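Colleague: Each chain, written out:
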Amino acid sequence: MSTQPADARVVVIGAGIVGNSLVYHLAKLGWKHIVQVEKGPLPNPGGSTGHASNFIFLTDHSREMTNLTLDSVDQYKELGVFTQSGGIEVARTHERMEELKRRMASSRSWGIDAELITPEQVKAMVPYIDTDIILGGFSTPGIGVVDSLRAGTIMRERAQELDALTISPMTEVTGIDVEDGHVTRVRTDKGDFDADIVLIAAGVWSPRIAAMAGAEVPLTPAVHQMISVGPVPLFEDTVGEITYPIVRDMDTNMYERQHGGDLEVGSYAHRAILMDADEIPSIAESKLSPTELPFTQEDFDLQMEQGLELVPDILGDERVGIRHAINGLLSLTPDGMPILGETPEVHGLWVAAAVWIKEAPGIAKMVAEWMTTGQPEIDPHGSDIARFHAHQTAREHVKARSAEGFNKTYGIVHPAEQWESNRDVRLSPFNHRERELGAMFFETAGWERPFWYASNESLLEEYGDRVMPRTAEWESRWWSPIINAEHLAMRDRVGMVDLSAFVIFDITGPGALAAVQAIAVAQMDVPVGRVVYTPLLNEAGGIKSDLTIMRLGRDQFRVVTGGAHGMGDKKWFRDHLPADGSAQLSDLTSMFTTVGIWGPRARDVVASATSGDVSNEGFPFGTARSIELGGIPVLASRISYVGELGWELYVPMEQGARLWDTLWEAGQPHGIVPFGIGVYGTTGRLEKGYRAHGAELDLEFDLVEADMLRPKVKEADFIGRAAYLEQRSRPPVATLSTLTVDDNTSASGVERYMLGREPILTLDGGPITDAKGRRSFVTSAGSGPSVGKHILLSYLPPEYAVVGTKLLVEYFGERYPVTVDVVGSTPLFDPDNSRVRS
Amino acid sequence: MNILVCVKRVPATAGKITLTADDRAIDTRYLGFTVSPHEECAVEEAVRIVEAWGGGTTTVLTLGPEEATDQLREAMAVGIDKAILLGTDGGEWGAVATATAITDAIRTREAADGPFDLILLGNEAADTGDYQVGVRIAVALDRPIVTGVKGLEVGEGTVTARREAPGGGWELYEIPRPAVVTVKEGINLPRYPSVPGRLRARKKEIERVALDPAAAAPSMIRLRVPVEKESAVEILGEGPEAAPRVVEVFRRLGLIA
Amino acid sequence: MILVVVEHEAGAPDRLSVEALALGRSLAEATGEPLAAVAYGPGSAAIAGALGASGVATLTAIDDPRLAEYAPEALGKAVAQLVERDRPSVVIGTGSERGAEILAHVAARTGLPLAANVTEVRPGDPWGVTRQRWGGSLLEEARLDGPIRLLTVAPHAVKPASAAAPSQVAVEAFAPDLTDRDLRVRITSRVPAEAGVVSLADARVVVGGGRGVGSTEGFAELDELALLLGGTVGVSRVVTSAGWRPHAQQVGQTGTRIAPDLYIACGISGAIQHMVGARSAKAILAINTDRDAPMVTRATYAVIGDLHTILPAIITAVRAAR
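Residue numbers (this note's numbering), protein chains in the order written: chain A, 3 to 840; chain B, 214 to 470; chain C, -2 to 319.
Check each hint, because a few of them may be wrong.
Claimed, not checked - No farther apart than 30 Å at their CA atoms in a straight line, the calculated lysine-lysine pairs in the DSS-like style are these:
(1) B:LYS229 - C:LYS156
(2) B:LYS363 - C:LYS279
(3) A:LYS192 - B:LYS363
(4) A:LYS573 - A:LYS808
(5) C:LYS279 - A:LYS289
(6) A:LYS79 - A:LYS125
(7) A:LYS716 - A:LYS572
(8) A:LYS125 - A:LYS103
(9) B:LYS416 - A:LYS289
As the list claims (entries may be wrong) - Listed below are several chain B residues computed to face chain C (Cβ distance under 8 Å; list not exhaustive):
(10) ASP343
(11) GLY368
(12) ARG437
Calculated directly from the structure, the hints in this document are not laboratory data.
Keep in mind it's a predicted model, so treat the numbers as computed, not measured.
All C-beta atoms in this analysis are idealised placements derived from N, C-alpha and C, irrespective of residue type, glycine included.
Starting from the given sequences, assemble the full structure and let the hints guide the process.
Modeller: Okay, here's the thing in structure tokens:
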């Protein structure tokens, strides 16, 4: 037995598919002195990898997850452990058939070969299926199965061949030492390892291990039931593990897949059975393995009946026995995404957990790039462990959302679908007023935000068809024409909006200016009282975020960013503050609440309630200062995300209600309307071509492509500056453009409105791919009530990024004509920006 | 052909056994439940005999808590027709009390439906290993019994049972029917339940008879996990290179010259 | 009186009976009661001499020509009659299949409780015993009630021990009151063991195979090594459940208990149900990929790695050594 180095640069905890992929990628990227610690034996230590069904479906509605899956498949193929079988998602209902069309569109957007097929075509590929109960299928030839244990062994061996890895199996972690907020040591029952980087890839045990260092990993172990039946007479003569395509019976949340002579039947449909990481048995206590728990038959009864309906020839055969049945443990998270990255609590403590077989090698590569260079090729923001707000790591939240999300595994999930569990966690001071107005609340980061107000229903009559009413059920879901009516009223008169979900933090101290200069692309050495909108880049020039910064004093900068990505932004700032302590970050999110007031009469409303000068000269665009409004001091910031004259108004939380009432009363003579996030986040912003992080902006696109260049690049150095200069020196291979739909009428005569992620196609229906291999797809979509068009944003390669170009967009299996109206960031509405500066 | 099979719900142990805090039961938090392998074979044998006879009724009986209906349904999933639960409150029952309760239940059932041609049990329960319940039932019913059976033929009026003879070979017993037989694993290879079998079993009625907990008469005071002797294992090596050292061991033990 | 039901072969009590007698003698010493034995079958009276070493005072030989062939029901009735006559304070049977069976019949006929597979007895009020559950993976401390305490002794739980001075054994013939109906269960015919086959229970070397062997074909190397060492093959329950080998080769709680000089366990993880069948092996050589499998940690020797590469190397090396 080889001896373990007492000092390791990095300790990887766990030897499942994630830990194994990570040691390989870290070694490949040049790291040495990696120690991999595993509690169980090798090659199957007893975690979720050991009982995974090991198949890979390619298409996910999330581009990040799809790209990671595709990369993983490439890696599995290179390792020689991938067996292509094809896979078919079948539909039993009309609604599901529509969803399959939507998956077809996502496949086209992400560049995956797939097709919709008839029940007879399904039968031709999977002869044991009963076509009477299905309406069709969504077939993806590139789907297959992998040997994840073998893959792990090969990757460990490769890391060893690079002389980078020492493996210590049967070694249980007993503690992780942290000094001054930095990880220093991993303690185990076989001795201690000094390390300045520790990576937890311990699957369902990750929360338990992270807790040893005082960090939270908000995942919960949950049960996935699986039975294996055999011997199947039909499979007697087949060679190898799998011959027939894997079938996902989407409407019953089940899958059926050949495994040698057996058919495996798995389910995500039973009630969510959640556990605590501390409840998982030890290896010695387990019958099979710690993550293969005794089967609970009663939870699977319904699934057996449903499986029998779909594959009666096999499951109805009395000679075919249930040879194996388990309740397998896997990891669920409150938002269904993995948990990756450095923990916000402890420097040097990284996590890669809640990862499925299908995406593990791709995620490992991404995390390894992130760890070694800070520049992952695929943007991890959706999976970043830093994304969680405090309440989102609470046990109750994790359990409630994981349980609710479990049955969505194969569900038809609307892009705007709202969570039902654990709501009303963060309420603005105006919440009671909003309820009185009949607010329809959507949740962001725990905040309940009005998306529209029932009280504005009367506006529908006022604006008639200009509200672009929708008749198709899908895009009417989680939507109301009132949103568009609020939009028009705001543009015509004035509106007020609850912006409480902002994440707000101050950077202060003698080094504050230098600190923000080093992080922001925009010039931050501006007079006190200026408001600056700026992107943030990573070293590679990828877009990390975009946000606004107010200079409130010589040594005080107030950063305001969105609730959804704000926690990641906060970590980014904190991680890049000067080491000498000359600048500090203080989180003011829970101290301030914000109301936005915008529209042509916004000045009239504000002026009527303040003695301060709010004239265009006295309070120009892009400035911020404190004014007294309704008897309370208010920090007013004259910017806009909807392209209208107005302010963001910041007050201490307890004075929020007073501010709201003041504006409400002062606004009555001017016809003020409350408007919701539907206007703020979609219609208003799209008419103005404002980019949103997570939709248009992420690490895979740059500022040139997003057409967010400043005329000059500031002298001061900032993160990503070199890459940014390089990007500016060459023409973009794609440019973010604004398109509008020329004709929304479907074949059946219904007006249809895209919601985002749809593929943009050439007039002959071909996909559009840029020089970096990225498909053109809709990054954001929504109504433009003031321009009377349905608006789509999409990156287009130069040959198509020409105003007036005619293209197609695919939506639910049909194609609609679109026109490129704007190339770059010029707004569709008020292109001169005269309104916002008036 | 009318056959009764008696089974017992026991924890599906495999790894380390841990006990509950009061040391009176196995900690089953992480364990599933099953019946003894002997009893799985008894169930299979009953189904096969009725199949071979081309007709008859098989009944499975257990004494245990309501959860033991899982084991009754497992038996019905592989072809047993009827089930009887002698319901307890989950507490342990002594062997005498168990045999008495089962005997009473058999008498009641036989008075109504006629005698069982054959009563099958496992040779011993996997957990308590009392080695006596079958014999007590047979003696109480004044029926012949053969224990430890690994081969069974049911003829007209007789049963021929074979079991391993001390020192090798087989001994055969031909006994009159009705009879009691306790079987051992190896008598057959039990089938797996089919999906239709499971679904049928789910819908079947289970006859429940409530037992008086006061009759349980357990003699157990406490349980104890024996202390494992930690052997200092001598690792001879890894892979084929270890072969010469293995041969040395063989020589040391006198297995080769 | 402490009464031990003795099984015998070749004119002497068998090994398990000697163990039962050792327990009986310790109880006789503890209670000051005499130690008695009862034997059945042809030649019962002739073992008297061999019982002196165990300190037996009297031997009762069950004398009925109809019991020339083993008949458990009738024997149970006969012993029960003897027990009713003599009212011993303890009746001890062996943990063999027959010992357990006869005591069960005695218990059923007398209505007395019976403790099976006892490892320790504590006279007192009430009497206490320690007995095996789960084939010995678990121990139970229990009360043993009744004016007459019935028990069987767990195999190999009590060390055979000779009395300080051999006793004089008085022999008595006992004619039980049996009807023909009591003889309805008896051996009616026999099938002899296959010639030349090493019995698993008696083999000096057992080459064991488990899940790690992988298939029926995978056993070729195990068969070869067993042949080479004059032993036989044993298997874990996984193997018989998969149909790779017959159940007769199964070692464990529901299979055969083995006691070889060396148990070569190949690809067997060591579930408790298997280990209880192998615990009487004098030495264990584990061949396993998993260094920390229970079988390896409880073995005397271990080789880590794939049995399918290691066994051929061992076979070659053994051949070369000859």
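Colleague: Given ASP343 of chain B as an interface hint, is its Cβ closer than 8 Å to any Cβ of chain C?
Modeller: For ASP343 of chain B, the interface hint holds, since the closest Cβ of chain C sits about 5 Å away, which is under 8 Å.
Colleague: Measuring from the C-beta of ARG437 of chain B to each C-beta in chain C, is the shortest one below 8 Å?
Modeller: 5 Å, holds
Colleague: Using 8 Å as the Cβ threshold, decide whether GLY368 of chain B counts as touching chain C.
Modeller: 13 Å, violated
Colleague: Could you grab the alpha-carbon distance between LYS573 of chain A and LYS808 of chain A and see if it respects the 30 Å cut-off?
Modeller: 43 Å, violated
Colleague: Is the straight-line distance between the alpha-carbon of LYS363 of chain B and that of LYS279 of chain C 30 Å or less?
Modeller: 29 Å, holds
Colleague: Given the hint that LYS125 of chain A pairs with LYS103 of chain A, does the C-alpha gap stay at or below 30 Å?
Modeller: Judged against 30 Å, a Cα distance of about 19 Å means the pair holds.
Colleague: Is the hinted pair LYS192 of chain A and LYS363 of chain B satisfied, with a Cα-Cα distance of at most 30 Å?
Modeller: 48 Å, violated
Colleague: Could you grab the alpha-carbon distance between LYS416 of chain B and LYS289 of chain A and see if it respects the 30 Å cut-off?
Modeller: Distance ~29 Å between LYS416 of chain B and LYS289 of chain A Cα, so the pair holds.
Colleague: Please work out if LYS279 of chain C and LYS289 of chain A have their alpha carbons no farther apart than 30 Å.
Modeller: The given pair, whose Cα atoms are some 27 Å apart, holds under the 30 Å limit.
Colleague: Compare the distance between the alpha carbons of LYS229 of chain B and LYS156 of chain C with 30 Å, and conclude whether the hinted pair is satisfied.
Modeller: Cα-Cα ~27 Å, so holds.
Colleague: Run the distance test for LYS716 of chain A versus LYS572 of chain A: straight-line Cα separation, threshold 30 Å.
Modeller: Status holds; Cα separation ~23 Å.
Colleague: For the pair we were handed, LYS79 of chain A and LYS125 of chain A, check the Cα-Cα distance against 30 Å.
Modeller: 28 Å, holds
Of the hints listed earlier, those the structure fails to meet are numbers 3, 4 and 11, in rising order.
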